[in-house]
Structure formats: C-alpha cells, structure tokens
Amino acid sequence: MNKRRWVAVGIAAALLLLSLVTAFIPGKDLSEEEAPNTLKGLNKVFYGSNELTEEVLEEGVKGDKIVKLSVEGGIMDSGESSIFSKETYNHQNFLTQLKKIQEDRTIKGVLLEVNSPGGGVYESAEIAKELDKIKAKKIPIYASFKNMAASGGYYISANSDKIFATEETTTGSIGVIISGLNISGLLDKLGIEDSTHKSGALKDMMSSNRKPTEEDNKVIQDFVMSSYERFVNIVAKGRKMDVVEVKKIADGRIYDGNQALKIGLIDELGYPEDALAALKKDKKLEDATVVSYNNEVKSFASSWLGVKVAEWQGLKATQSNEIISVLEKMGSSEAPKPMYYYGGY
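Just so you know, we're using my numbering here: the sequence shown kicks off at 22 and counts up by one.
Derived from the structure by calculation, the hints contain no laboratory data. Please note that a few of the clues may not be correct.
In silico PhoX-like links for lysine-lysine, alpha-carbon gap of 20 Å or less [said to hold, decoys possible]:
#, residue 1, residue 2
1, K232, K219
2, K89, K269
3, K89, K232
4, K129, K268
5, K183, K129
6, K183, K210
7, K89, K129
8, K158, K358
9, K158, K89
10, K156, K183
11, K268, K258
12, K283, K183
13, K121, K158
14, K358, K224
15, K268, K156
16, K154, K304
17, K302, K129
18, K301, K83
19, K129, K83
20, K159, K129
21, K159, K358
Let the sequences and hints guide you as you build the complete structure.
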C-alpha cells in the first residue's frame, strides 16, 4: 500500500471515530439517568470523570490527613465547572472540595493557600460559609498568603486559626467596589438622546446614558456600605478585633506582609511550607498525611478533537460563550455588581 493510500485510510479512521463519538455519546439533552450504561461507559472513556480524587503530597504514618486547598485567581463563578474547564480557579469545584472535607472524618487540618485579588461578593460569602462549617467540626484552618490575598482573598481567610504571609505579599484592600461607565456627556455632544422608559426614578440607576442624580448616588453608596459593613464584621470576628479598630485600617488600602503583621491582619511571616509546619506542630499532626484534591483526567476530552466534539454536542461552551459568561459574572457598565476586588475591574 503506497503512502497516499495510508493517508486516506488514516483520514477515514479519524472520520469514523468522530462519527461514533458524535452519534453514541449523549449530549446535554440526555441526562445520565436516561443514558444506557454502555453509553455512560463510553462517556468515561472519552471524557473522563468529574469526580474529585485525592493526591498524596506527603506520606504519613497515621490515618489522619491534612488537606491543602488552593485559591488561585479571581473568585468568580464563571459557570464553567465541567472537566473541560481550563480556568485557574473553578468556583463550583472548590465548593465541592470544601463539602468533601466536611464529610471526611479522617481530616484533622486544612492548609488554605490563597493567591487572589478577590472577586464576587456572593462567591466570597459562599466560601466563607463553607469554611465556617469546617471550623464548626473542630478542624483547624491555617491560611497562607502567596503573592496576593487582597479584598475577597482576605475575606475568605479572615476566620482562619492562623494567617501567614510573606514580606512581599500584597494583602488588605478591605472594602467594596462597584464600577460603571457614564457616557452621557459624550452622547450630549453627539446629539444622541436617551429614550429610556422606566417604572420608577431609580429603575435605571448607574445607567451609562444619563447623569446620576443625588438620589442615585445615595442609594448606590448605601448599597456599597451595606456590603462593606458585612466585610468589616467578618474581619472583626475572625481577627478578634473591635469593629472600630478594623474600620481604621479598612479604607481600601493595601498592605505588605510586614505592615499587615503590625496591624493584626496576619499572625506570622512565612511561606506555605512554614504554615504547614506550624499547623502540624500546633495541632500535633506531625504524622498526618498531606493530600490535595484534583479532578484532572487525561482523556480524549483533553485533545483538540475532543474539545471540538464536546462543543458540537453542547457538552462544552465555545470560547466566545465562556468569555461572555465571565464578563456577565463580573458585571458590566450596563449591569454593575459589587465586588470584593483589588485593582478595579
């Protein structure tokens, strides 16, 4: 058989594989309950599994475990929680990890590594709630700030038993921001008139097409300050500080590790390995096994062809849809949302 025929056979085999995958693996309109067992098996073969697995980082000599958690990137729920997700931080996956810890009686400690500028008010509160449930089970949580743990990154860590940061860490930024864009002046210059009809004077607050009124500004500021008060209370409770004292340092400014240590936002200077060593020593867990969770599965899904097939089936959003989803979660000038976020957005 000559070279040209081998190429033709290869193309035909690839097309056959593609047609089999598209024809026999159920898409989004067919639930797992409805799919035959054979098709479920094919799903696992081609697409892997979403189930969390434990990875042993340090072997121990006892059954006790310490779980290392990692928050890397903006704390936002992009809606992409499948095995096809390439994002650094996956909110739904992280919540699943927190709930898994609550159900495992062998876990005796948590090391929370944070490298985040913060993110959504709602998402940050979700994480803090689940971490509180872990602490209620008498499981100590030690937090370690890496390059940055600002705003929402600090919010989720405030109630930890101990907080470590390096001298170079950027932290603080305790506060709330809600951003919009007003182009009403430009529209006036261009002779463009806003023709919005609304049921009440405040229905289009923060509209980019008209100048905000005094009442607009007051309502939005009250809304922001309500979220700010919740943030301050979280810090005061977690750091065992007076609310008045917290407000003196919670004007949105950032601090490095040394500054944060002086004002009581962290407990010690150190890196993640120092925080882990302290957790082991303080809680007598020197013999514990250190683990982390992951659901990375190398399969057909990880290939270019697998991703494209998944998009055709509706199992994975296209890249443009993913970008739109992230922007919607962050808010926009048309629909701004409050954020525990450092650096603007």
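Okay, the hints, checked on the actual structure:
A C-alpha spacing of about 15 Å is found between K232 and K219, which places the hinted pair at or below 20 Å, so the restraint holds. The suggested pairing of K89 with K269 is violated, with an alpha-carbon distance near 33 Å, which exceeds 20 Å. As the CA atoms of K89 and K232 are separated by approximately 49 Å, the hinted pair breaks the 20 Å bound. Between K129 and K268, the direct Cα distance comes to roughly 34 Å. Violation of the 20 Å bound is thereby established for this hinted pair.
The straight-line distance between the Cα atoms of K183 and K129 is roughly 15 Å, inside the 20 Å bound, and the hint therefore holds. With a C-alpha separation of about 56 Å, the suggested pairing of K183 with K210 is violated against the 20 Å cut-off. As the CA atoms of K89 and K129 are separated by approximately 12 Å, the hinted pair is consistent with the 20 Å bound. Restraint check for K158 and K358: the C-alpha separation of about 33 Å exceeds 20 Å, so the hint is violated.
At roughly 17 Å between alpha-carbon atoms, K158 and K89 fall within 20 Å of each other, so this suggested pair holds. Proposed proximity of K156 and K183 is supported: the alpha carbons are some 12 Å apart, at most 20 Å. Proximity of K268 to K258 is assessed by CA-CA distance (about 13 Å); at most 20 Å being required, the pair is judged to hold. For a cut-off of 20 Å, the pair hint linking K283 to K183 stands: about 15 Å separates their Cα positions.
With a CA separation close to 13 Å, the supplied pair K121 and K158 stays within the 20 Å bound. Between K358 and K224 the CA atoms are separated by roughly 15 Å; this keeps the pair inside 20 Å, and the hint holds. The straight-line distance between the Cα atoms of K268 and K156 is roughly 25 Å, outside the 20 Å bound, and the hint therefore fails. This hinted pair checks out: K154 and K304 have alpha carbons roughly 19 Å apart, not beyond 20 Å.
Distance check on the hinted pair: K302 and K129 sit about 13 Å apart at the alpha-carbon level, within 20 Å; holds. Using a Cα cut-off of 20 Å, the hinted pair K301 and K83 holds, with the two alpha carbons roughly 13 Å apart. Pair hint K129 plus K83 holds up; C-alpha atoms about 11 Å apart against a cutoff of 20 Å. Of the supplied pair hints, the one linking K159 and K129 holds, its CA atoms being roughly 8 Å apart against a limit of 20 Å.
The straight-line distance between the Cα atoms of K159 and K358 is roughly 35 Å, outside the 20 Å bound, and the hint therefore fails.
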